[in-house]
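Peer 1: First residue of the sequence shown? That's 1 in UniProt numbering, and the numbers climb one at a time after it.
Because the hints were derived from the structure by calculation, they are not lab data.
Glycine residues also receive a C-beta, built at the ideal position from the N, C-alpha and C atoms.
Hints may contain errors.
[Claimed, not checked] Cross-link-like lysine to any residue pairs, in silico, SDA-like; alpha carbons within 20 Å at most:
1. K82 x K151
2. K6 x K151
3. K35 x L47
4. K151 x W122
[What the hints assert, rightly or not] Just the calculated beta-carbon pair ranges, DEER-fashion:
5. R7 x H172: 27 to 33 Å
6. Q148 x Q10: 25 to 31 Å
7. P140 x K46: 37 to 43 Å
8. G64 x W132: 43 to 49 Å
9. P166 x P41: 22 to 28 Å
10. R33 x V129: 22 to 28 Å
11. V173 x I9: 44 to 50 Å
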Amino acid sequence: MKSLAKRLIQDGHTVTIASHPEYRPWVESFGIRYKDVGGDPAALMKLSVEHPFFSAGFFKEGLGRFRTWLDNLFIESWMACKESETELLIESPSTFAAFASNIDLGPSYNLLSYSLFDNLIWRAMAGQVNRWRKETLKIPSTSLEKMQAYKVPFVYNFSSVVVPKPLDWRDHVDVTGY
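Use the sequences and the hints to build the structure in full.
Peer 2: This is the structure we're talking about:
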């Protein structure tokens with residue numbers, strides 16, 4: 001995230017990273033604006049170690065211990081978007097509150113953030129995927145554009161009971177469950 005933020009700043013954009021207080025000195029050391037969203041990531045990690053992820057105990061204790069923090073996280077994430085005059089919202093899986101915040105920013109934010117996420121993931125994996133295609137499968141390399149044209153399925157391994165599939169996701173993107 002730091003590299004992307006620095007490049008966006010270099011290209012003339014104003015960037016704000018909204019995160020936990022312990023990351024503030026690190027974020028600001030790179031000349032990136034910071035917005036506090038509160039919370040204690042160490043407490044969440046401890047919870048994840050004490051209970052299997054997505055288990056009943058994880059949810060029961062997590063909701064009990066983190067409900068107030070989650071309420072504040074949603075508010076602080078939304079305020080970070082509004083106060084920083086957000087042009088683009090990039091979400092990390094660990095910052096799920098961003099999705100709730102960007103709904104009110106309009107559909108263009110949703111569509112753009114999905115495309116950017118797809119592009120970033122593809123850039124990170126393209127070399128390895130194409131090397132495997134050529135060397136192992138003996139087929140030509142591909143591109144994100146080619147894959148999107150073929151509507152290659154994209155699956156999220158979480159339950160739609162927990163998080164329903166957003167209505168604006170493409171047909172070839174599915175929520176499959178655990």
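Peer 1: Give a verdict on every hint.
Peer 2: Status of each hint after checking the structure:
| no. | hint | verdict |
| --- | --- | --- |
| 1 | K82 x K151 | violated (34 Å) |
| 2 | K6 x K151 | violated (32 Å) |
| 3 | K35 x L47 | violated (25 Å) |
| 4 | K151 x W122 | holds (15 Å) |
| 5 | R7 x H172: 27 to 33 Å | holds (30 Å) |
| 6 | Q148 x Q10: 25 to 31 Å | holds (28 Å) |
| 7 | P140 x K46: 37 to 43 Å | violated (48 Å) |
| 8 | G64 x W132: 43 to 49 Å | holds (45 Å) |
| 9 | P166 x P41: 22 to 28 Å | holds (26 Å) |
| 10 | R33 x V129: 22 to 28 Å | violated (35 Å) |
| 11 | V173 x I9: 44 to 50 Å | violated (31 Å) |
Checked against the numbered hints given earlier, this structure breaks hints 1, 2, 3, 7, 10 and 11; the rest are met.
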